[in-house]
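Enquirer: One letter stands for each residue in the lines below.
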Amino acid sequence: MTGNGTPIITIRNLGKSFGSKKVLKGINLDIYPGQIIGYIGPNGAGKSTTVKIMLGLIGDYTGDVEIFGQNIASGHVEYKRKIGYVPETAELYDNLTGREYLTFIGELYGMEYDEADEKAEKLMELFGLKRVYDSRISSYSKGMRQKLLIISSLLNNPEILFFDEPLSGIDANSVMVFKEILAELKSQGKTIFYSSHIMEVVEKVSSRIVLINDGKIVADGSFEELKEESMEGSLEEIFNQLTGFSEHEKIAKEFVSIVQGVDYYEGV
Amino acid sequence: MKESKVLKLLDNFKWLFEKFGVDYPIMRRILQLKLTLDGRRTPTAMVDSAKKKKEDNSFIKSLWFYIIFGIVLVPIVILGDNYLFQMSLVFGVVMFMMIITLVSDFSSVLLDLKDKDIILSKPVEGRTLSMAKTLHIMIYMFYITMAFIGPSLIASLIRHGLLFFIIFFIGIILMDLLIVVITALLYLLILKFFDGEKLKDIINYFQILLTIVISIGYQVIGRLFNISEILGIQYRHKIWHYLIPPIWFGGPFELILKGNGVSHIVIFTALAILMPIISIIIYNKLTPAFEYNLQKLNETSEIYNAKSKGFNHLLSRLVCGSKEEATFFRFATNMMKKERNFKLRVYPSLGFSLIFPFIFLFTFLKDGGLDGVVPSRVYFSIYFMGFMIPTIISTIGFSGNYKGSWIYRVIPFNNTKDIFKGTMKAAFVSLILPLYVLMGVIFMIIFKGKMLVDLIILLLVLALFMVICFNVLTKRLPFSRPFEELGKGEGVVTMFLVFILFVLGGIHYIATTIKYGSLLYISLLLILNIFGWKKGFDVDWDPSIQE
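If you're matching them up, the sequences are chains U and H in order.
Taking the numbering used here, the leading residue of the first sequence gets 61, the next gets one more, and so forth.
Taking the numbering used here, the leading residue of the second sequence gets 45, the next gets one more, and so forth.
It cannot be assumed that every hint is accurate.
Said to hold, decoys possible - As a list, the in silico DSSO-like pairs of lysine-lysine whose alpha-carbon atoms are at most 27 Å apart:
#1 U:LYS179 x H:LYS78
#2 H:LYS158 x H:LYS329
#3 U:LYS81 x H:LYS158
#4 H:LYS105 x H:LYS63
#5 H:LYS447 x U:LYS202
#6 H:LYS461 x H:LYS381
#7 U:LYS85 x U:LYS239
#8 H:LYS158 x U:LYS202
#9 U:LYS82 x H:LYS236
#10 H:LYS236 x U:LYS190
#11 H:LYS329 x H:LYS58
#12 U:LYS82 x H:LYS461
Unchecked claim - Derived list of chain U stretches under chain H, where covered just means 3 residues or more per stretch with a C-beta under 8 Å from a C-beta of chain H:
#13 114–127
#14 132–139
#15 148–155
#16 158–165
#17 168–174
Worth flagging that the hints you see were computed from the coordinates, not collected in a lab.
Just so you know, even glycine gets a beta-carbon here, dropped at the ideal spot from N, CA and C.
Excised from the complex, chain H in its bound form (with noise of 0.2 Å):
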């Protein structure tokens, strides 16, 4: 095991650790295993040529995707010397990014339960542990922190100098501490008062409403001032600022640069410092509660109403062809339902589906009203559910239970376009369909019925869309890759998608300004449609499938 520079620099505050009650050496191991392990997230059949390759290398690689994201902050940062506003609306779009980030890649640290029996069996104190588990994230997060502002730092240290770079970096570094302890305990919250397979299930739904919430804060800062007029805004103090961590984050800088020592500038500091270092008191304080109620995770006391045969069953004969197709579309269907890793990895991304639409056509209302709105067809903004597409498909490969897959080694026949088609057809109705469902019923709504033929060719194009990402992802049998395979190199691929995407709705938008061209389209994605689901799921069982 490599010993890591961040070890020896955490060393340096020993002392602090010590003074939580953490015994010092006991995290440092735990926190170096932890690390090991990390750069070694290689699968397991290769154990010896793993050994040979470089370690972390995909986590570095996503850190470029930080970097080059990052460099959307830098105007906000460089423009102006509207510190307050502008700083809050960095540290806004920071947090938000960090959040997501954290609640959808570090909630199972956090949540581990396997850590508890290997080590809390031993003699380690559940604080020594949850400290090192917190270290463990926080190491990331701070990494990626960096990487997300890096371009927006080097900016502001020439356009504002040394001492706002400092500020800056100060404050970004307090802003960590205080998602990662915020969201702890809020789990800890949750964890209190719920328990087993229950609480799994709250956790799981609460990440996901987290996500959503924090898309529509983030929104919110951007409101606060009136974006248009960015450079000579004043900014008007209202009481319920004080309740918005980002502006928090702005005073320092508008406090120390200006020396603009009005009241709320004041407080808005005495926040952003106070804060993150009061939450850490109270977590620490709280932690060995914390590793005790993880311990619920294991519970259950829920059982399954086992219905006869249910309208799964029902639902999977009207729309399959073959037995096989059918039994391939209830198995996918149960397990998109009860398998949480997998709705923690897609359902975020359904949120989104549900709310990007809305937020471009609320921007748009906001400029020119419903009567702007209608002609200039902001409807498309629905066009954004599609993104949720490329997720399903490539996520219905991947399970926590991925062993489970010997299965489709041992039953007698090995039709992979019945396996296929099945589970797309599940995951169409099961994810896509309500979702559409509920979309199509609000956009109606608000349009006043005017969009129903373009929501049936919307219907048609996911269907296709569908199709035309199953064929350009990585094959893989459902449910048959440990989630650690997830998301490798796959970002191109999915921009592309976005691309055909865009295409698809691009040619809608055409078609809706000529005569009887939405009619044309709609027939010619009928027959697409009938095409590829026909024809598209004709996959060998070697070698294009990963097993």
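The shape of chain U in the complex, shown without the other chains (with noise of 0.2 Å):
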């Protein structure tokens, strides 16, 4: 799929082993200006290590990845400043407040503590979380948490945001909330790479979907595109026919009469 003008990520034949596995095997992507890619496949398919090897947490792998049009290799960090991210795992300091976080966030991005601090509060607000903006992060339920990071990832005004798994916790009026603010994102030419297993999701905020398998590019294109190369009806119908699996209901079923057959023995 071409986009319009010079594309902001470049991945080139990208490849990286750990120890004797094999986790990506030759990714190509070129990713341009205002697009959302859904980036999804199974687990254990490579995509937080790629995204993981953009944000340069991961090093020693083969190919090349060019971000802004700077190979990323080059060891600068300059171009994280307009990096946001929200990880897998929704590592914080606990033992912080909400304002100690982000501000230090804001902080590491080259930000004035004044400045990070009013952004942060007012973007707190929003999301309905002011109560707690100077209690200690442990005190946060798993939303709130993973609402604390979404503010996190923007406080910098990113160009390029890395969103993994962002809604997990987060609830159904939050998520509303949140999609408007990725297509509010998309027209302002923000660049998201987005990935999720949710797949109703994906298929409804993405303007283009990467979907990856084994360490590799399987299907990509906007969902219409899939939509015609498969003749599935839904991105999860997709998914699982690019992705080679059909035995749902068979492993259902034969996973419930294990737990029935246990409890019986159990009982007795």
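Work from the hints to combine the two standalone chains into their complex.
Expert: Right under this line is the structure:
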């Protein structure tokens, strides 16, 4: 799929092994500004690894990754100034308050304390978290933590956003707000890299879907294009088809029968 | 977040950090955050009440321990003016203590992955983060070292004057630098060659080994000189002394205070100053690699062989009375084998238990030879093994995955006796017994089989001591509390337990001097053990257990 202008991210022949295990086997991608890329694939397909390589968290890869036209292997971290990231595992400094955490992150991005503080406070308020802004993160619920992470990824007004399962634990109302935020960011020309296992959301928000399986890209295109190609109705079905999975009913039946069998013996 | 004085002090060295390619304002910010977090290590349940508490409390308390311990050094510093020897000895002891502290308390800081994901995904160089981490550790190391040498530092000022004091002080700072950097470099080296779970295991065992090696090395320092002639001894220089860092730090005292310009003294002095600096430069060159390789900590390729049920299962059935007890026996055995955090905290004490008996043995051996050893019953040094038991029992209540303990609340039985008894048996079988067998065999060889009865008594004493420790120490459901809470205010209790162990050993000693005494003691211990292991684990679910 082609977009407008020059790509903001270029990935060429990206490969990565952990020990003898090949996680990525030659990924090629061009990503253009203003796209929301739904980056999907089964567990262990290499989604998070790709994202972490782009963020410079994992080294020793083969191939080239260029972001904003700069090869990230050069070791310069400056490109990260315009990147936001919501990691899959919500690692936070639990003993800090929301204010302390967000201002810290803001300052790491090179913002002034007051600027970061003001911005963070307003964003927290919009997410209904004003009340806990000065409470320790350890007292937050899962959804609150997730919202905090989303805010922290946006503080620096980034050009590229990496969202790795950003909606986990977030209530339905906030999900609606978040989806609107995505659309709004897209219209502002931001590029969003969105990984998730919730196909309904990916289907709705993405302008382009990239499906990887076993370290390779197996599908790349808009939802409509994928639908035409695979003759399936929903992204979930496309996902199942392309990852070669069709046994869900059989597995489910067997699963329940084992559950009941074990229960039966334990009861005697 | 408060502005600490340390940070203000650091501001003076801004230029130095920038020379190293560090982004100073960012590094300062990270460090500030770390210090704030340290002040808040209070458990999460009482978020609001914890705020009112004074920060840094437990750390300050532990400093007192170091100060009191540091008094030991005072005589070495003030006796005589054989500076090279005295100060090498002092630096040897301090280095020993500090490396132990560093490895056991700060490895987790050095190897923290959380930092990486949160901070390095921002425009922050790996070097800056590494420097912040290193400094974070340095600050604590500095406090601890200062507490530890505080008494002798003051003593040296009074006895040897200001110049001595200054050399001492600078020497200590250089030594701290050297220790932290060398340790980090060693981790880096290991990280370079191995990956994933295996790496964590290697680090784990390496830490344990390091602890043990150092404790032997510490003995060697003393042997360089004949301790019994502490004052009028002559130092005889050997080439290999250049390899022993504590001796380097003895050099400047001779050189500056006595004007002793012999070549080896000059070289020692040069090494003391240059080595820390060189190691920092190397470290700084290598740190970006360090942060990358750290990622390997999360990688794994290992698959555990699922043997059908295995030996563990058979064993659990053999030593446990009930099915539930066997379940917890297996659970605890698996946890102790796989949880590195647990191993990290317990295995060094296993190492000490292994080493100390021999150190004592050889000290006596040197004086009297083997013939002198046997009648004097030096083999009682094997009782040092028991020191590990309080550590094991108090550690067993903790886990890195303590949050998994919700399982205790939902299981359909609340028989704590089975939980505790199964766990204690697991600890005995998988930690104490192997060590006991190893030590037993070695001692039997050394003493030509003359102490079989004593070994039987020892085993019974250890088993009984375990029950006693369990009852005296705070009871916690196995693996149910975060490690941050470990070691709070249990020092005195442990002292008391060590005393009890000495009493049990003392009775053993007396028993060997009486006819049939050993037999009597064995019977008594057997009865106590049967009683103890039957009744000793009846604990009410509430409120004596900390969940």
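Enquirer: Confirm or reject each hint.
Expert: Status of the hints after comparison with the structure:
Distance restraint check for LYS179 (chain U) and LYS78 (chain H): the Cα-Cα separation of roughly 23 Å lies within the 27 Å cut-off, and the hinted pair is therefore satisfied. A threshold of 27 Å between alpha carbons decides the hint, and for LYS158 (chain H) with LYS329 (chain H) the separation of about 23 Å falls inside it, so the pair holds. For the hint pairing LYS81 (chain U) with LYS158 (chain H), the CA-to-CA distance comes to about 24 Å; that is within 27 Å, so the pair holds. For the hint linking LYS105 (chain H) to LYS63 (chain H), the alpha-carbon distance of about 37 Å lies beyond 27 Å, and the restraint is violated.
Our distance criterion of 27 Å between C-alpha atoms is met by LYS447 (chain H) and LYS202 (chain U), whose separation comes to about 15 Å. At most 27 Å may separate the alpha-carbon atoms for a hinted pair to count; LYS461 (chain H) and LYS381 (chain H) meet this at roughly 22 Å. For the hint linking LYS85 (chain U) to LYS239 (chain U), the alpha-carbon distance of about 32 Å lies beyond 27 Å, and the restraint is violated. Distance hint between LYS158 (chain H) and LYS202 (chain U) is fulfilled; the C-alpha atoms sit about 18 Å from each other, no more than 27 Å.
For a cut-off of 27 Å, the pair hint linking LYS82 (chain U) to LYS236 (chain H) stands: about 19 Å separates their Cα positions. Between LYS236 (chain H) and LYS190 (chain U), the direct Cα distance comes to roughly 45 Å. Violation of the 27 Å bound is thereby established for this hinted pair. Taken as a hint, the LYS329 (chain H) and LYS58 (chain H) pair is honoured in the structure, with Cα atoms around 19 Å apart against an allowance of 27 Å. Of the pairs offered as hints, the one joining LYS82 (chain U) and LYS461 (chain H) is violated, with about 48 Å between alpha carbons and a cut-off of 27 Å exceeded.
Evaluation of the coverage hint for the segment 114–127 of chain U: fulfilled, as 6 residues show C-beta separations to chain H shorter than 8 Å, against a requirement of three. Here the segment 132–139 of chain U counts 4 residues with a CB under 8 Å from a CB of chain H, which clears the bar of 3, and the coverage holds. Counting residues of the segment 148–155 of chain U whose C-beta sits closer than 8 Å to any C-beta of chain H gives 6, which meets the bar of three, so the coverage hint holds. Interface restraint, the segment 158–165 of chain U with chain H: holds (3 residues with C-beta to C-beta distance below 8 Å; minimum three).
By the rule of at least three residues with a Cβ nearer than 8 Å to a Cβ of chain H, the coverage given for the segment 168–174 of chain U holds, with 3 such residues.
Going through the hint list in order, the structure does not satisfy hints 4, 7, 10 and 12.
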